[in-house]
Amino acid sequence: MRPIKVICFALKLGSFEEERFTWQLVCAKSKFIFGDFDELRRTHWIPEMQLAAERRTKAELLEYDRSCSKRAENLTPTEKNLTWRLALESENARLMQLLDDERRALHDEEIVRTLAARMLDEERERREKLEKKLKSVETRLAEQMRNETNFIESDKEKQGFRQNFCVSEMQLAAERRTKAELLEYDRSCSKRAENLTPTEKNLTWRLALESENARLMQLLDDERRALHDEEIVRTLAARMLDEERERREKLEKKLKSVETRLAEQMRNETNFIESDKENIKKLDDEATNCYTKFSAQSL
Numbered sequence: 051m052r053p054i055k056v057i058c059f060a061l062k063l064g065s066f067e068e069e070r071f072t073w074q075l076v077c078a079k080s081k082f083i084f085g086d087f088d089e090l091r092r093t094h095w096i097p098e099m100q101l102a103a104e105r106r107t108k109a110e111l112l113e114y115d116r117s118c119s120k121r122a123e124n125l126t127p128t129e130k131n132l133t134w135r136l137a138l139e140s141e142n143a144r145l146m147q148l149l150d151d152e153r154r155a156l157h158d159e160e161i162v163r164t165l166a167a168r169m170l171d172e173e174r175e176r177r178e179k180l181e182k183k184l185k186s187v188e189t190r191l192a193e194q195m196r197n198e199t200n201f202i203e204s205d206k207e208k209q210g211f212r213q214n215f216c217v218s219e220m221q222l223a224a225e226r227r228t229k230a231e232l233l234e235y236d237r238s239c240s241k242r243a244e245n246l247t248p249t250e251k252n253l254t255w256r257l258a259l260e261s262e263n264a265r266l267m268q269l270l271d272d273e274r275r276a277l278h279d280e281e282i283v284r285t286l287a288a289r290m291l292d293e294e295r296e297r298r299e300k301l302e303k304k305l306k307s308v309e310t311r312l313a314e315q316m317r318n319e320t321n322f323i324e325s326d327k328e329n330i331k332k333l334d335d336e337a338t339n340c341y342t343k344f345s346a347q348s349l
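So the number in this note's numbering is just where the residue sits in the sequence shown, counting from 1, plus 50.
Honestly, the hints are just simulated from the structure, not real lab data. Values in this document were obtained by computation on a predicted structure and should not be read as measured data. Just to be clear, a hint being listed does not mean it is correct.
DSS-like, lysine-lysine: derived pairs with alpha carbons at most 30 Å apart [said to hold, decoys possible]:
id, residue 1, residue 2
1, K306, K183
2, K303, K183
3, K343, K332
4, K300, K179
5, K108, K79
6, K185, K332
7, K331, K343
8, K303, K185
9, K304, K179
10, K303, K327
11, K306, K182
12, K331, K185
13, K182, K303
14, K306, K179
15, K182, K304
16, K303, K179
17, K120, K300
18, K81, K108
19, K79, K120
20, K304, K183
21, K300, K182
22, K304, K327
23, K332, K183
24, K81, K62
25, K120, K108
Simulated DEER-style distance windows between Cβ atoms [stated by the list, open to error]:
id, residue 1, residue 2, range
26, K303, E89, 35 to 41 Å
27, I161, L184, 32 to 38 Å
28, W134, L101, 20 to 26 Å
29, A60, K303, 49 to 55 Å
30, I330, L301, 39 to 45 Å
31, T72, R176, 45 to 51 Å
32, F82, A137, 27 to 33 Å
Glycine included, C-beta positions come from ideal geometry on N, C-alpha and C.
Work out the full structure, taking the sequences as your base and the hints as a guide.
Right, dumping it as structure tokens:
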């Protein structure tokens, strides 16, 4: 297999995209993008790719491995402990950086949760105010409709009685223009009432009852129309209240889902931080053991 000829190359660190830590290999006019789920493995990939570009043959790689093995064999205990110490400090710095990032993320999530709770409280207050306003409007409308109905009924009764009385009086005044004629008319009316037969009396009562019945039916129709209008207003108010309740329930469900996601994320982050702490503790124990061994060997 012939080695790949690389004229010019450059390795650049990328960003965190699509849940992967990326890096770029720029070669002449081409650009290749690589990615890995672990940031630490990305730091191993880059020098390995540089080594593969610098040492393209098997013999060069074998020579490089031999030099590395000789270098590792010739290290003194002090150099080995220094290497371990540098590696542990680098890993500790990386873990502390991750811990700080997680703390900042938790702080941001706490701010978001506070804002969501505040928005929910404001929405509840707004809903309560709307319900109170709606109840007051319904009460005022019902009171106004009752007052208008009573006023219309009394006005109709007064107007009908006044109109009938005026018409009868005007007719009587037109027919009987003198005092003697009016006195004679009163006497004839009293005699006519005394001389009425039972059939005529029943007919008179029947006409009076039919007139009163017609008036009561008219009042009943007016009352039904008023009740119908009041029912329409009540239906509209109930619909507005149902829409407000649905909106509030949606907000509560959304807030519960957000709280659930935040709680799950916080649990995951807590587990991750605890595992990082355990790894740091293990690395510190290993460093302490190495330092103890080195101290014993030096003594």
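Do the hints match the structure? See the list:
In summary, the hint linking K306 to K183 is supported, as the alpha carbons are separated by about 28 Å, within the 30 Å threshold. Straight-line distance between C-alpha atoms of K303 and K183 comes to about 26 Å, which keeps the hinted pair within the 30 Å bound. For a cut-off of 30 Å, the pair hint linking K343 to K332 stands: about 16 Å separates their Cα positions. Under the criterion of a C-alpha separation no larger than 30 Å, the hint pairing K300 with K179 is consistent with the structure, at around 19 Å.
Straight-line distance between C-alpha atoms of K108 and K79 comes to about 27 Å, which keeps the hinted pair within the 30 Å bound. Between the alpha carbons of K185 and K332 the distance comes to roughly 67 Å, so the proposed pair goes past 30 Å and is violated. Simply put, K331 and K343 have alpha-carbon atoms about 18 Å apart, close enough for the 30 Å limit, and the pair holds. Between K303 and K185 the CA atoms are separated by roughly 27 Å; this keeps the pair inside 30 Å, and the hint holds.
Between K304 and K179 the CA atoms are separated by roughly 22 Å; this keeps the pair inside 30 Å, and the hint holds. With a C-alpha separation of about 36 Å, the suggested pair K303 and K327 falls outside the 30 Å cut-off, and the hint is violated. The hinted pair formed by K306 and K182 meets the criterion: a straight-line CA distance of about 27 Å does not exceed 30 Å. With a CA separation close to 64 Å, the supplied pair K331 and K185 exceeds the 30 Å bound.
For a cut-off of 30 Å, the pair hint linking K182 to K303 stands: about 24 Å separates their Cα positions. Only pairs whose Cα atoms come within 30 Å are accepted, and K306 paired with K179 is accepted, the gap being roughly 24 Å. Between K182 and K304 the alpha-carbon distance is near 25 Å, which keeps this suggested pair within the 30 Å criterion. About 22 Å separates the Cα atoms of K303 and K179, which keeps this hinted pair within 30 Å; it holds.
A hinted pair counts as satisfied when its Cα atoms are at most 30 Å apart, and K120 with K300 does not qualify at roughly 69 Å. Note on K81 and K108: the hinted pairing holds, with a Cα-Cα distance of about 26 Å set against a maximum of 30 Å. Between the alpha carbons of K79 and K120 the distance comes to roughly 39 Å, so the proposed pair goes past 30 Å and is violated. At roughly 27 Å between alpha-carbon atoms, K304 and K183 fall within 30 Å of each other, so this suggested pair holds.
Proposed proximity of K300 and K182 is supported: the alpha carbons are some 21 Å apart, at most 30 Å. Distance hint between K304 and K327 is unfulfilled; the C-alpha atoms sit about 34 Å from each other, more than 30 Å. At roughly 65 Å between alpha-carbon atoms, K332 and K183 are farther apart than 30 Å, so this suggested pair is violated. Distance restraint check for K81 and K62: the Cα-Cα separation of roughly 10 Å lies within the 30 Å cut-off, and the hinted pair is therefore satisfied.
In summary, the hint linking K120 to K108 is supported, as the alpha carbons are separated by about 18 Å, within the 30 Å threshold. Taking 35 to 41 Å as the suggested C-beta distance range, the pair K303 and E89 conforms, at roughly 37 Å. Between I161 and L184 the CB atoms are about 35 Å apart, so this pair conforms to the stated range of 32 to 38 Å. Range check, W134 to L101: Cβ separation about 23 Å, and the 20 to 26 Å hint holds.
Take A60 and K303: their Cβ atoms lie about 51 Å apart, and the range 49 to 55 Å holds. Between I330 and L301 the C-beta distance comes to about 42 Å, which sits within the given range of 39 to 45 Å. In this structure, T72 and R176 meet the distance hint of 45 to 51 Å, their C-beta atoms being roughly 46 Å apart. Against the hinted window of 27 to 33 Å, the Cβ-Cβ separation of F82 and A137 comes to about 29 Å, which satisfies the hint.
Hint violations for this structure: numbers 6, 10, 12, 17, 19, 22 and 23, all remaining hints satisfied.
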